[in-house]
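So you can see what is in the structure, the chains are spelled out below.
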Amino acid sequence: MDLKDKLVSSFMAFENNVDIEHPVHDVRTEAMKNFEKKGFPSKKEEAWKYTSLNTLQKIDFSIFPKKEKTLDYKDVKKYFIHDIDTYKIVFVDGVFSSHLSETTHDGVDICLMSSALTKPMYKQVIDVYFNKVASKEESLTTLNTAFSREGAYIYIPKGKMPKKPVEIIHFATGNEASLMLQPRNLIVVEENAELQVIERHQSLTTNAVLTNCVTEIFAAKSANIDYYKVQNDSATASLIDNTYIDQKSKSFVNVHTFSFGGKLTRNNLNFYQNGEYMDSTMKGVTILGDRQHVDHHTLVHHIEPNCESHQDYKGIYGENSTGVFNGKIIVDKIAQKTNAFQQNNNILISDKATINTKPQLEIFADDVKCSHGCTIGQLDEDAMFYLQSRGIPEKEARALLMYAFANNVLESVRIPELKARINKLIAKKLGVNLGFDI
Amino acid sequence: MLKINDLHASVEDKEILKGINLSVNAGEVHAIMGPNGSGKSTLASVIAGKEEFEVTKGNVVLNGEDLEDDSPEDRAHKGVFLSFQYPVEIPGVSVTNFMKTAINESRKAKGLEDMPAKEMLKMIREKAEMLEIDRKFLSRSLNEGFSGGEKKRNEIFQMAMLEPKLAILDETDSGLDIDALRIVANGVNKLKSKDNAVIVITHYQRLLEYIVPDFVHVLHNGKIVKSGGKELALELEAKGYDWIKNEAVV
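Sequences listed follow chains A and B, in order. Mapping to this note's numbering: the first sequence position 397 is 1748, numbers consecutive. Mapping to this note's numbering: the second sequence position 176 is 251, numbers consecutive.
Where hints are given, some of them may not hold.
To be verified - Keeping only pairs whose Cα atoms sit at most 16 Å apart, straight-line, the calculated EDC-like set for lysine to aspartate or glutamate is:
1) Lys1679(A) to Glu1397(A)
2) Lys183(B) to Glu1713(A)
3) Lys1684(A) to Glu1713(A)
4) Lys183(B) to Asp149(B)
5) Lys1599(A) to Glu1659(A)
6) Lys1746(A) to Asp149(B)
Honestly, the hints are just simulated from the structure, not real lab data.
Construct the entire structure; sequences and hints are all you get.
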């Protein structure tokens, strides 16, 4: 049985464990119909031209974990930003782990999607926001919607700001030979409220994992959100990350994506600007080796006037790794005075590494500033000479320059401990062993 | 210390150096002057080992050793230092971290342990003071957003830290105001000793008022066409380069 058939037939079993009378279940059923009709995207579709899901579909993934496994904090501590205090929403093989988590209802709700989807007190928020910005057409998103039951639920009321950042971590323990996970997150940040989130998917063994994640983010007027995705998973873990962001006037949303590992990673990052004077920022650092594959698909839809978007993705590809960057910017006819910037710079450090990069601009307004630039290159020879002339050997000089190339994306990371951690990860990935005290 | 014998060098089959002969002893300061495009910077880069240039004839000998097969880092480890005309910006790497890396890589090449952190900090503090460099400056990313003067001062700071045997200053005076020029020149003068040598490459005589050369050489069209004492620099300043060019033709 292929993966699609397995998922379709699993839906009935899934229905035995959820409240099918709940209005949310109508949404799930609709979504299942769409997935059943469309199935997994193939390379024939423009958006999937360079990323194939064929191999993944041949793996016999468990859709529901059969046994539960608990993890000790000391064994997984290193995956947390443990040098600062954070709220934590932690899942182990898709199941909420209360002893690894620290949720709160103190003025803000940082808790579980399973509660939000079942308890009456959250009904109003669910009615207004659940599945409202996520695509009802895109097949993998609808697949996630069909199985939506668990994930992170964050609600920040007007003018509030949680005392500390929120970490959302999904562990896969390898308890199953191969496991498919479908977390569903809903994040609502009301007017003048603020939020910082760090998200991570981590497989603890070399057993196959496929995560198809959907996150819906709503930034109300003047809201401020920083979202950090740390992707440094094992070489047998794959992630399809679908993030949909609805922004209102004067809001600021920054998403940083750090892609350092995983078998196949697909990031679908979609911004919808429903208002004026707002700013959407997408930044990414990708450092790959081996046979890893990362595909960044971004979309910014400028719907109203006077808004900005900034994209800056840096990639370093070694060995047989492959990368894709596809940045789509749509500026509607009424969205005058839009400033949209997009930059994708890549360095290939192996003859066998590949990058496909494509800006896709659809501009219907005439008074706009849009710029895009893609580069694929090697390291600057003058810079190499400069470092070598100071006694730094070629290999170290190369690593240092790549580090410098990737580093400037980190300037906008606003959690210093996270910045330090990412800095160290980059240095480690590049083999920069230069005794930095960063 | 340095002996350059009939040096010819090309870039992309275009010959730029056409037979340079130069001998520099320890304790000496040599100035190399010349009009734009005469090959001054190329000569500096070739001595420092830039691979873009192909040495087609002749050689560069440092303390009796032919440098032909040495990479730029090997030459640095042997005591060659080049102060760049256009230092490169390295974001995310602080001046301090860069210096630590450079010094410890040089020590590693000599089979020495890393310099103890305390000693390193002391050295950094002393050299920064000598060049009137603010402590805050040292934690900034290397050359990123530095003014022209800051970049040059930072080059001399690196020279002070690395304590080279042969320092080549390529147009170190360009982009410096008079105060910065004085500070940089004072730094170079303090670093000068009977055991090391300095080659100052400059278009103008201005810097040579502060770093007084023992010898002045005029480079034109890839060759040294005239050599003399420090008074030659003044003559060049007064007359320009045209008379040299004309003389060379004759």
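### Task
State the violated hints by number, sorted upward, taking the hints as numbered earlier in the document.
Violated: hint 2 alone.
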